[in-house]
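Trainee: Starting from the known structure of chain D, arrange chain C on it as the hints suggest.
Order-wise, the sequence lines are chains D and C.
Residue 285, in full-length UniProt numbering, is where the first sequence stops; the numbers in between run on with no holes.
Residue 303, in full-length UniProt numbering, is where the second sequence stops; the numbers in between run on with no holes.
Since the hints were derived computationally from the structure, they do not count as laboratory data.
All values derive from a computational prediction rather than experimental measurement.
The beta carbon of each residue, even a glycine, is placed where N, CA and C say it ideally should be.
Hints are supplied without guarantee of correctness; some may be wrong.
Claimed, not checked - What follows is a set of in silico ranges between Cβ atoms, one per label pair, in the way DEER data are often shown: (1) C:Glu68 <-> D:Asn5: 43 to 49 Å; (2) C:Arg292 <-> D:Val80: 25 to 31 Å; (3) C:Val86 <-> D:Ala7: 15 to 21 Å; (4) D:Asn5 <-> C:Leu144: 29 to 35 Å; (5) D:Gly146 <-> C:Ala298: 39 to 45 Å; (6) C:Ala187 <-> D:Leu50: 55 to 61 Å; (7) C:Ser182 <-> D:Arg229: 25 to 31 Å.
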Amino acid sequence: MPRQNPAFYALLAALIVMALGPIVLMLGNSLKMNVDITSPTSSLLFMPTLRNYETALCDFLWYEPEHIRRCDKTFGRALVNSLTISIISTGITLILGCMAAYALVRFRFMGRGVTSLGTLMVRMVPPAVLLVPVFGIWTFQFGIDGTIGGIILIYVAMNLPFVIWILQSFIVQVPIQLEEAARMDGAGPFRTFFLVVLPLIKPGLAAAAIFTFRVAWNEFLLANALADRATRTVPVTIVNSLTEYDIDWGLIMATGTLLAIPPILFTLVASRQIITGMTAGAVKG
Amino acid sequence: MLANANRLTPYLFLLPAVAVMVVALLYPIGYMIWASFLDWNPSQRIGEADFVGLRNYFNLLGDAAFHESLWVTVKFAVLVVGIEMVLGVGLALLLDRELRGMTLLRTVFILPMMIAPIVVGLIWRYMYHPTVGTFNRILDSLGLPTAPWLSDGDWAFASVVIADIWQWTPFIFILSLAALQSLPKSAMEAARIDGATGWQLIWHIKIPLMMPVLIVTCLLRLIDAFKVLEVVLVLTNGGPGLSTEILALRISRTASEFRELGYAAAMSNVLLILLLILTLAMFLYTKITEARAARVRAAIEEG
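The shape of chain D in the complex, shown without the other chains:
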């Protein structure tokens, strides 16, 4: 490795600090008492406490923390809802998405061009545009407003175009001879797909799963319109607790940190796949 000017390392370090700083700040504040957050003398030295997390997660604790008078179960319920919705919608999206992507890559058929172009076009539809019609249809026609299934349906639909399109670029790279060999051995198209093709596109599936989970886990607008008290997700509860005048910063930073943990874990474990997915996105248009 050639020697580089130390200025480059200084720049590199500065960028890392700038990117991480705000996130570390949130983590730090989530471990502080509100007195410490608001006191005028700040603030690198403080006694870390798990109180905010105990308050947020009180219904999962096996002991009763002294500082909680009445356990507010809103956040715990939202966390369970968020996990259920994100995991189920990711699973469904992946299964439907990879089947569709396979059809578009490996078969020539009537309507292939239209489907392909249509998928590309609906990718750009933002949640704000879907807000009015989805609220109307889900409430008055399907009668699934306020249900977990209703939220899962719209998340699957929103994520499918992206997943189909990103998996296409991975399926193209699977050598077709493998599939032909499977066919020769008497495997039908579905067996070929599930037993030969799927195992070979695992990296693509991982990238697609992370992107899908992230959208479902982070989404606010549609969840806010569709969910009722029992089916609220974490982003909705966070925004709800923000609109009050007296913001409980410590608690809200703790809930924010809990919401940020899964995406952060994914990033640390699979940054390579995420970058591949992102780059494939821009380069292949």
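Mentor: Here is chain C on its own, set in the frame of chain D:
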């Protein structure tokens, strides 16, 4: 292509995904186009709403608040994407060399994009807080006057722009770096042997060769910038006044606070058309570059 597959097989593979997208995407979009011609409030079924023809669209033409939010949206999108492109591409050109810690930087740089926009808004709202916020504390401890980060119109707009730049510059950096590292080494070598300086190399070789990726990246970011909602919602909720009320936020407020679903649908259509134009531009651009590359390849093979 696979031979001897049943004619129906591709349709069986496609059916579930297409069914979901038709029911939960295409149908709602058609429904919204229809709703934009209605005078409709959330307590009515759509069948009970009055048909008012193009009235919602005519009202949009004369609605100063809508014009303001359209202008804020365009200003926001152009400004953030412009700044992010310059910063992201600049950093990529600067750091495209063998450095220890680049992998760490790339991993850390993805974080702001991966965590929830709600959380990004939350963090920045804390940092912009007038008394306990990080920025005003630093200004204060340096003996400088504090800034009205979110409470003054122009400051609030700048604050929202800064938060978006923090979140999305890494996207452009990572994509430009990938583009730079896949450039043909031969072109660079040839230019260097001919005595090109660093700047000449960047302006006449690297940037032109990166152009296709840069244009697509820029369009992708523009599309995303038009969709931004949550960060602004948490930071300012559109205020003070209408200074940061982007179109997506205006739509959601028209629907939920003013309870005018038909009018909100008409606004959604305007946003959708804007995004459609950008998407089509991107699609056409990639088709043209592909065709050009194919022609060049054919010419080389003939010659």
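Trainee: Please go over all the hints and tell whether each is borne out by the structure.
Mentor: Going through the hints against the structure:
Between Glu68 (chain C) and Asn5 (chain D) the Cβ separation comes to about 48 Å, which falls inside the hinted range of 43 to 49 Å. Separation of Arg292 (chain C) from Val80 (chain D) is about 53 Å and departs from the stated range, judged on CB atoms against 25 to 31 Å. The hint said 15 to 21 Å for the Cβ distance between Val86 (chain C) and Ala7 (chain D), and at roughly 20 Å that hint holds. One distance hint, 29 to 35 Å for the beta-carbon pair Asn5 (chain D) and Leu144 (chain C), holds here, with the actual separation near 33 Å.
Hint check: Gly146 (chain D) to Ala298 (chain C), Cβ distance near 58 Å, so the stated range 39 to 45 Å is violated. One distance hint, 55 to 61 Å for the beta-carbon pair Ala187 (chain C) and Leu50 (chain D), holds here, with the actual separation near 57 Å. Judged by the Cβ atoms, the range 25 to 31 Å given for Ser182 (chain C) and Arg229 (chain D) is violated: they are separated by roughly 51 Å.
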